[in-house]
Amino acid sequence: MTSVSTAASGQEAVAPHVTPERRQRGILLIRGATLLLGLVSLVQLLSVLGYIPFGFTNWQPVLIAYVLWSAALCWGLVLRDGEAGWRAIFVLPAVLFTVALVIFPTFFGLYIAFSDWNLQSAGGRQFNGLDNFYQLVADPYFWNALGNMVFYVATVLVQYAIAFGLAMLLNADIKAQKFFRVAFLLPFMLSPVAVSWMIGKSMLEYRFGPVTHLLRTLGWSQPTLLTSPWLAKSTIALMDAWVWIPFMMIMILAGLQALPKDVQEAAKVDGATGWQGFWQITFPLMLPVSVTTVVLRIIFQLKLADIVINTTAGGPGGATDTISSYIFRVYKDRSNVGYGTMIAEVYLIIIIFFVALLLKFTSRFMQRAV
Amino acid sequence: MPHVVKRILIYAALIIWTVIALFPIFWTFSTTFKVAKDVQMGNIIPWVDFTPNWLGLRAIGLSPDTIFTESTPRVEFIKRFWNSIQASVGASVLALILGSMAAYGLSRFSYHWKIWKNRDISFFFLSQLILPPVVLAMPFLVLYKELALLDSMIGLILIYTLSVLPIVIWIMKDQFDTIPQELEQAALVDGCSIWGAFFLIILPIALPGMVAAFILSVILCWNEYFFAALLTSSYAKTLPVMVASQTGSQGISWWSMAALSSAAILPLIIIGIFLERYIVKGLTTGSVK
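Residue numbers (the working numbering), protein chains in the order written: chain A, 4 to 373; chain B, 22 to 310.
I should point out that these hints are in silico values taken from the structure, not numbers from a laboratory. Wrong hints could be hidden among the right ones.
Said to hold, decoys possible - Here are the simulated DSBU-like pairs of lysine-lysine, each with C-alpha atoms no more than 30 Å apart in a straight line:
id, chain 1, residue 1, chain 2, residue 2
1, A, Lys-306, B, Lys-166
2, B, Lys-135, A, Lys-363
3, A, Lys-204, A, Lys-306
4, B, Lys-166, A, Lys-181
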């Protein structure tokens, strides 16, 4: 079993005496619960595989057994290790929760990824080896979506520049700072689905949306914002920027407010102009906050889906697809989980490599290494 | 550059961005009160360009003349609204409980589980932020089907808890790190247990951080669409899914879509106006020292 030994940091452990009987009870409890979990899983597995005629109607009892096992494990550790057990159970519930709901499903995903599995048909799962992988390598829509992700991630830098400008404005000596701050923050809080409708479907409506109306007035006779590929992609990027700029702005603003004022004052006395002062003093001092903000933002950007799904559904012809929206469409169109999961797992591996590289090159500039 | 010109430019830029940030919200609220003709004419200013009409609110049964009568759309709308509240508040509470405990443990004790030390456990939790929802989506679809959790509130709450847990741990750990350890040591000397010290002494001090984490979680869960769209159908469907399901068809009734969108964003706007301080606190955790 997990051998848990914790050492006190900074404070003396008030180690109460753990009697051998109590220790024994703890060990028994943990073993018993493990046995129960194993037994319930085994019965259900055998019954699903058809080796035994009885069993549960679904896997829910196994989940309940896991919850019971987790509780028994926590209690058993307290009995067995005393003070150290009390400490361990601060973190243990969150760990058990995450293992059950993230680690297990991610690996279970591999089981799905190598299969042809239509949830609507009665056939169930058909193992098909690397077929999904070969399909993926030859799938132009996948590579197209991956290319779009590069574009969407690159737009983060533009968002960053705008966010920095806005943060500087808010940090200037202005009246009604609180009003502007709240107004600027609001877009970040809105539901992407509502934003898709508010802006994508209604304000950009081809015939009478206010934005297209404005563009026509400005002399653009055919504002095909969501129907020509590059324009559509840029429009999605703009909507995404509208939602996410406030997030970056708030982080940068907090950084600006934490800057020592006297440094900037000193620069002014030395005769630096505003522009020089910014590039030589403010910007270098802000580098750690900036890098942290951009890296976090890129990580969130890799999940971009909702706006695309609800505004263009990936169209026209996949021009606005992100990996997530493409997988969503693949599933909705064919109810087949095998291929979608294969894309997702490959995407996960790409992301892990990308983020690891990103962190490797940026972590020394960052405020606090993750 | 003269000082006055500079100030005018600053305020001009501020006002332009305020319009960019607020106009879509204004547009949505005002479209709720427009009839088809006003939408097609692109009328913008109420009482000047068009006469407000109860059309949008009538479509979801909330206008003055329909609010006391039987209304199927209203029942449906309230059900979805209530589902959204349950899912976001339930998940945030669960994440706050699990996350605060874990964050406190990581902040105060040094663990040594096999090769796992505090740093590794922290990284384990934070690395979940990288995981895109789409990786979990289909495994959850299959697993939830087997576990009979598809289209259930519990299932939705579990997965939402999961998605906000790393953020809650991040915020709470930062919060606990700022509280001096002497406080608990004094309590321990007085005969308090470590859990007693945690509940009675530390949690009350960490309340601002908890509020920040809670509000941020509620916002994120309230807006969540991807999992809700995949894992719920009739019973546990949330408000964003309801809004999204109305958009597909060609003949959208603008006023009712506007009314639904307004309902989806209004609670968050209220939260944003009154609790902005906590949102900023939650967002900037750990990035600025």
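For each hint, the structure was consulted:
| no. | hint | in the structure |
| --- | --- | --- |
| 1 | Lys-306/A / Lys-166/B | holds (24 Å) |
| 2 | Lys-135/B / Lys-363/A | holds (26 Å) |
| 3 | Lys-204/A / Lys-306/A | holds (22 Å) |
| 4 | Lys-166/B / Lys-181/A | violated (48 Å) |
In the structure shown, a violation is registered for the earlier hint numbered 4 alone.
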